[in-house]
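Asker: Here is what each chain is made of, one letter per residue.
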Amino acid sequence: MHVRRATARIVVAVVAAGTLAACTGGPATVSAADTAAVVSIGIGEPTHLIPTNTTDSSGAQVLAALFTPLVTFDRNNKPVPAQADSITATDSRVWTIRLKGGYTFHNGEPVTSDSYLRAWNFGAYGPNGQDNNPYFAKISGYAALNPTDPKATPTATTLSGLRRIDALTFQVVLSAPYSDFPAALGYLAFLPLPAAAFDATGHIARGFEDQLVGDGPFQMRDVWAHDQSIEVQRYDSYSGTKPKVGKIDFKIYQDLTTAYSDALTNTLDVLPGVPTPNLATAAKDFGNRYRHSPSSAFQYLAFPTYDPDYSNVNVRKAISMAIDRDQIVKSVFAGSQIAARSFVSPVLPGYRANTCGAACQYNPVAAKELYKQSNGPAKVQITYNADGGHKEWVEATCNQLARNLGVKCVAQAEAKLADLLPKLQNKTPGVGMFRLGWVMDYPSMEDYLTPLYSTGGSANYYGYSNPQFDQLVAQGSQQPTGAAAIRLYQEAEDLLARDMPVIPLRFGQNDFVYSANVSNVSVDLFGDVNLLDITVSGT
Amino acid sequence: MVRFVVRRLLQMVIVFFGTTLVVYAMMFGAQGDPIQALAGEKPVSAAQRAYLTEHFHLDHGFWYRYADYVGGLLRGDLGDTLTLRPISSVLAGAWPYTLKLAGLAMVVVVVVGVGAGVLAGVRRGGLFDAATLALTLVVIGVPVVVLGFLGQYLLGIRLRLFPVANEGDLYSLILPALLLGMLSLATAVRLTRTTVVENLRADYAKTARAKGLSRTRVVGVHVLRNSLIPVVTFLGVELGSLMAGAVVIENIFNIPGVGFTLARAVRTEDGPTVVTIVSLLVIVFLVVNLAVDLLYAVLDPRIRYA
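Protein sequence lines, in the order shown, are assigned to chains A and B. Quick note: the first sequence, position 245, residue 245 per my numbering, numbers continuous. Heads up: take any position in the second sequence, counting from 1, add 1000, and you land on my numbering.
By construction, these hints were calculated from the structure, which means they are not laboratory data. Among these hints, one or two may not hold up.
As the list claims (entries may be wrong) - Computed footprint of chain B on chain A; a stretch qualifies when at least three of its residues, placed anywhere within it, have a C-beta under 8 angstroms from a C-beta of chain B:
1) 47-59
2) 127-137
3) 258-270
4) 419-433
What the hints assert, rightly or not - Okay, derived cross-link-like pairs now, DMTMM-like style, lysine to aspartate or glutamate, Cα gap no bigger than 20 angstroms in a straight line:
5) A:K247 <-> B:E1167
6) A:K391 <-> A:E414
7) A:K151 <-> B:E1054
8) B:K1042 <-> A:D419
9) A:K423 <-> A:D309
10) A:K247 <-> A:D285
11) B:K1042 <-> A:D210
12) A:K427 <-> B:D1033
13) B:K1042 <-> A:E414
14) B:K1042 <-> A:D309
Computed from a predicted structure; not experimentally measured. Backbone N, C-alpha and C define an ideal beta-carbon position, used for all residues, glycine too.
Work out the full structure: start from the sequences and follow the hints.
Answerer: Structure follows, in structure tokens:
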């Protein structure tokens, strides 16, 4: 019951404060009060929890509690070994990964090379239908596991590029050199799985996903109560840094505004994403418990470069110059996002401000002149998906274009992104400009440049193709060091400023709120709450 | 009586298959790309797309998929959701919530609605009657969405009398049930009041009073029993709108019941789940209506079934 639970929390806080007072001066010890501390975090229902099949942020948040990745990221978002002891390569193609000893899964099974090889081979095998399957594409032998005809049976069941050296060492051979591979290893797809995860046929055992066994700082306390909660507790034999709270309840919400209300009444401790309707009042409701942190989200407006209306670079630049980014950030987003004037996110090593140059500076006079000179179309259209809360800013953008360029601008809604994407894929005429967004999988410029702008990139819906750009990115990937790679990536980014296939609009932030029950709350650039730092107030 | 029930059950079978066909066709027609809808903003991997396409026969035509679905139903297999959980286990988790919620709402409607209706009918023209008239008119005029958010804000966030969202216990279901029952409650009050007023004027009521029966007995037994027939009919039909209201209320209060599941399935274009839930709701509706029809005989022995 509501009232009873609130009282219980207060008691916990008092006991904790008492213990702390008793041992002031000494090193922080793990007290009984700590283990009793429960923190609740609001998430949505994850679609899946098998690491090779998890792509949504809710699932990622839960997996961050249950698993330890090979690498994590430091303050500058550079990869640092976590479960890996070392990740080395001679030529960026053959990587040797050595694991730290002493880590065990929650069922006692030690974490070995096999734990990784097993999970990766499962994820890479096409017929298993794992959503993170493409992340293994860089590893040698991927094609044999994923025939182009989806109905054909693959000729191999394991990646030829994976080789076990000893219990704690294995080798990964890539099909082409890739200097950012260590950063990629921080992604969910590359987590290990215990032998207990699989049944005799090599599939995930029935019921395993509901009672996941990982190798992380927390273990499942109970089975996954779908649509209600996922409850975890500290794993006592964990050999990495131990968390400061004993239990975490991931409470599942269908509607984030309900989660916000729960946080408002201190029923929910942390809500990592404030719903847009609540942004306006969040500062008043939560005071200094409403915080922001950098995120990798990137919102942009894309051109159908194959459409004669938008094939002229100067038309595209004029449209970009006619948009007052700062004004939209202020009026529509209440300052919760940041105006973007570069083609990659500021969280990345290698980011430079203002790479877009004059084309992204608001200059209505020059914009109108350039637009006239280059015979821009008299009517422009921005298509957006109505299921993502984009209506307001798209209409504001359209109004600015109409006013500053003297054109007619239509903001056209598609019910869902799922309706918009096929139209883009088929290059359906009449779509006009369209909005899209991107969130990285791991902090590397390449994770923006290849999917968004390279010829045939997985999210390149604008038909942009520049062989010189493709070559620079490919060369960058083959460099032996990250620094050398970044120099080439930056050269590639400069080409984007010249060609303007998309207009950078905004970089996102994580907006989060937390209750008075907890402190030391931080949210990383993936949008996950840092579970090792969080404490219950009073400890 | 038995023949009546059997005939009605047979009709139900036809209605059930008709419903599944219509709903399946509508979901089929409205469906864009369910796999992309599932993945949201991210592109779906080719491996997963191929896997789901095969699993759900998405590359086949309407009749093939419908026959496959009905075939599964006849074998007792409800199929899987797009996230590959068995629909039967999803429903097994969801029904208890909705039953509890609708049951609580129904209790509110019956106890408060009928009680207030009788009171207003007996004291026709009094202050209580006027007050309930005004209040019920206001409540009938407000949509359940507004009522839900308003109730959550005032009683949950402002006054903190109730939890603002489901916490898994019965206590946290009271506020949503109250709000859910509110709409039917208003109509129940109006309906009970009218029939009570009517029956109080009827000859048999006068006779009863003339025989020297107490007023409580006349109202409580003679009048009430006869007044209940239209009210029971109404309540049977109303269960349907309670289920519909549950879609809204369950979302506002984060109750993982049938309405919550249905809303998400519609959003993610999860055809099999939508069809199964809607069909089950139709069955519930039909069964309740049958029960209502049978109740008539209990309330009024003059009614016979053939």
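Asker: Assess, step by step, whether the Cα of K1042 (chain B) is no farther than 20 angstroms from the Cα of D210 (chain A), and give holds or violated.
Answerer: violated (24 angstroms)
Asker: Per the coverage rule (Cβ-Cβ under 8 angstroms, at least three residues), is the stretch 419-433 of chain A covered by chain B?
Answerer: Coverage by chain B holds for the stretch 419-433 of chain A (3 residues, Cβ < 8 angstroms).
Asker: For a C-alpha distance cap of 20 angstroms, please report whether K1042 (chain B) and D419 (chain A) respect it.
Answerer: holds (13 angstroms)
Asker: For the stretch 127-137 of chain A, does the count of residues with a C-beta closer than 8 angstroms to a C-beta of chain B reach 3?
Answerer: Held - the stretch 127-137 of chain A has 8 residues with a Cβ nearer than 8 angstroms to chain B, which meets the minimum of three.
Asker: Holds or violated: K247 (chain A) with E1167 (chain B), Cα cutoff 20 angstroms?
Answerer: holds (17 angstroms)
Asker: For the pair supplied as a hint, K391 (chain A) and E414 (chain A), confirm whether the alpha-carbon distance does not exceed 20 angstroms.
Answerer: Judged against 20 angstroms, a Cα distance of about 10 angstroms means the pair holds.
Asker: Given the hinted pair K423 (chain A) and D309 (chain A), is their alpha-carbon gap at most 20 angstroms?
Answerer: With a Cα-Cα distance of about 18 angstroms, the restraint between K423 (chain A) and D309 (chain A) holds, given a limit of 20 angstroms.
Asker: Would the pair K151 (chain A) and E1054 (chain B) pass a check requiring their Cα atoms to be no farther apart than 20 angstroms?
Answerer: Answer holds: K151 (chain A) to E1054 (chain B) is near 9 angstroms, not above 20 angstroms.
Asker: Next pair to validate is K427 (chain A) with D1033 (chain B); report whether the Cα-Cα distance is within 20 angstroms.
Answerer: Since the Cα atoms of K427 (chain A) and D1033 (chain B) sit roughly 16 angstroms apart, the hinted pair holds (cutoff 20 angstroms).
Asker: Quick check: do three or more residues in the stretch 258-270 of chain A have a beta carbon closer than 8 angstroms to a beta carbon of chain B?
Answerer: holds (count 7)
Asker: For the pair supplied as a hint, K247 (chain A) and D285 (chain A), is the alpha-carbon distance within the 20 angstroms limit?
Answerer: violated (27 angstroms)
Asker: Would you say the stretch 47-59 of chain A counts as covered by chain B, given the rule of at least 3 residues with C-beta under 8 angstroms?
Answerer: Since three or more residues must qualify, the claim that chain B covers the stretch 47-59 of chain A holds, with 5 doing so at under 8 angstroms.
Violation of the numbered hints given earlier is confined to hints 10, 11, 14; the remaining hints are satisfied by the structure.
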